[in-house]
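Trainee: The opening position of the sequence shown corresponds to residue 0 in numbering that gives the first Met the number 0, with each subsequent residue numbered one higher.
Worth flagging that the hints you see were computed from the coordinates, not collected in a lab.
Each hint should be verified, as a subset may be incorrect.
Unchecked claim - DEER-style ranges, computed between Cβ atoms:
1. N30 / A75: 14 to 20 Å
2. N30 / G339: 31 to 37 Å
3. T496 / S303: 49 to 55 Å
4. D261 / D305: 32 to 38 Å
5. F48 / G271: 34 to 40 Å
6. G477 / Y57: 52 to 58 Å
All figures in this text were calculated on a predicted structure; none of them were measured in a lab.
Where a beta carbon is used, it is the ideal one built from N, C-alpha and C, also for glycine.
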Amino acid sequence: MRVFRLGACVALVSLFSSWVFAADIVPIGSNWSYLNPQTTADSPSKGNFDSTWFTAGYDDSSWGGPSAGPFVRGTADSPGISAFTSTSRNYIRDAGTFLDLPESGERNTAYFRHEFTTAAAATDLAIDLLADDGARVYLDGKEILSVNCCINDNGTVNPGSPTTYTDLAVRAGSESEYARFPVLVGQGLTAGSHVLAVAVHQSSDRSNDMGFSLNLSDGYIYRPFVTEFSDGWRYFSGEEEPSDGTLDWTTVEFDAGRGWFDGQDGFGYEAGDGGVTPYVNTQLEGMQDIYSTVYLRKQFSVASVDEIGELSLTVDYDDSFIAYINGTEVVRAGIDGEVGSVAPFDVLGTSHESTNADGSPAPVFTISLADYPDLLNIGDNNVLAIQGANTTLDSSDFLVGRISLAGLAAQMTAPNGDFDGNGVLDAADIDALTAAVQAGNNPSEFDVNGDGAVDQADRTMWVEVIKNTYFGDSDLDGEFGTRDFVTVFTAGQYEDTTPGNSSWATGDWNGDGDFGTPDFVAAFSAGGYEKGARPGGPNAAAVPEPGSIVLLICGLITLSCFRRK
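With the hints as constraints, model all of the structure from the sequences given.
Mentor: Here is the structure:
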């Protein structure tokens, strides 16, 4: 068994961490209107701005743009955001629009709006977001996401409350990667016109950079089993072992009766100024100086596992915990011991701070069902069990809260580059990739080389590395030879009068949609003609003289022209 430990897997699900097939509704690189005030005196937080700028009816005609994302405060020579800096090891893609950087001490919030229309209803929505430093995201006037946001002189600006121009992100944000968030879970998006609005807040008015990029997609599988702050938990104070030193307390069959109590997610206490109080719903008033652990159980239902390939477990904790599903250990964070070993009731964990109700996402642990194929039961006979541990008996605070468990889409079992999922790398796949390159909106599932852009480099990667063949191999049998020319000229599309009608199998090897002389250039430049299978083998043949190639092509062109008459 493999347990995902803290150092390896406390991460938000990012756009580039797995192959998730979803349809882009608002692609990265879409055009946004923007408001980028240069001084505090220019603050838009006047009148009713703070409560209306994100609504569908707001008039943004005086704003800048529309301009293409991603956005940065900086220049092409110095974009400031590592994900958009080509010389950085974190480089993903180029910035689309460079905004003026205000003077130090005047660097506050930037605002963005994007209008879009959907022809059909969309479900299973997800947002891939890079926002340096924090953000509030609204859809049709409703807040749907708050990340690392926000604080002001009066304290925390909780999610659901409008922010102002000078409100700050809680801490510096990530400028190196996108994070994926499911949104409108169980609701979806109706067909019609919509407005996305985003406020990007800085962690300091002296911040030397700002970055924003967003993708909204549907088809992202997210099936919640246990939701944050839910009721129905049972808990046991760790003054003794809950099941005589065994893990029976983690199993479905265990009777959590005598000695166990009802509680709501958010188990802990605050005796200092650590700030966990807003997340504490079940007060463990007798814990400090008396016992170091608490045991939790929550029953949940699973309707189907067919579309689920992994689980996402979210826990905000201070200081350590072990999580079990149906008696099997799946996560151990900050408690010593081998996988599956019992941690005693008086164990002490290592120190880890809660997010302290500051608007930051709680840590997320990803559990692959490939490692636990029989982990879940169909029906309501499933149990999530957690043992939480404090770092000292006299610790000023403790928390195990914001607990959620959800099923995510299965990882791709088809080879990288099999875009239709039929298990075969065929012409339909290279044609789909070509169409994605032509569209120019960088859908992540077609980014086979992982550089954040979908372009000719991905086509080269698909042909020469993934498929392991050559440009010109029209039938994708692994070799580029005479038969491929016969195939494409027989189709009769060479320099015909119908633009964009050619595919890989009919001669469009350079990806422009047509079969013509540039395709010969692409094919012969790759150097694979009559070389046999890449990189060679028993069927490899000597490279023919250039004259014979020319004669062959001339003959086939003549044949093609004759057939069109």
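Trainee: Does each hint hold? Answer for all of them.
Mentor: A quick look at each hint next to the structure:
Judged by the Cβ atoms, the range 14 to 20 Å given for N30 and A75 holds: they are separated by roughly 19 Å. Judged by the Cβ atoms, the range 31 to 37 Å given for N30 and G339 is violated: they are separated by roughly 53 Å. Between T496 and S303 the C-beta distance comes to about 52 Å, which sits within the given range of 49 to 55 Å. For D261 and D305, the hinted distance range of 32 to 38 Å is satisfied, since their beta carbons lie about 33 Å from each other.
Range check, F48 to G271: Cβ separation about 38 Å, and the 34 to 40 Å hint holds. Range check, G477 to Y57: about 57 Å between beta-carbon atoms, so the 52 to 58 Å window is met.
Hint check: a violation occurs at hint 2 only; the rest are consistent with the structure.
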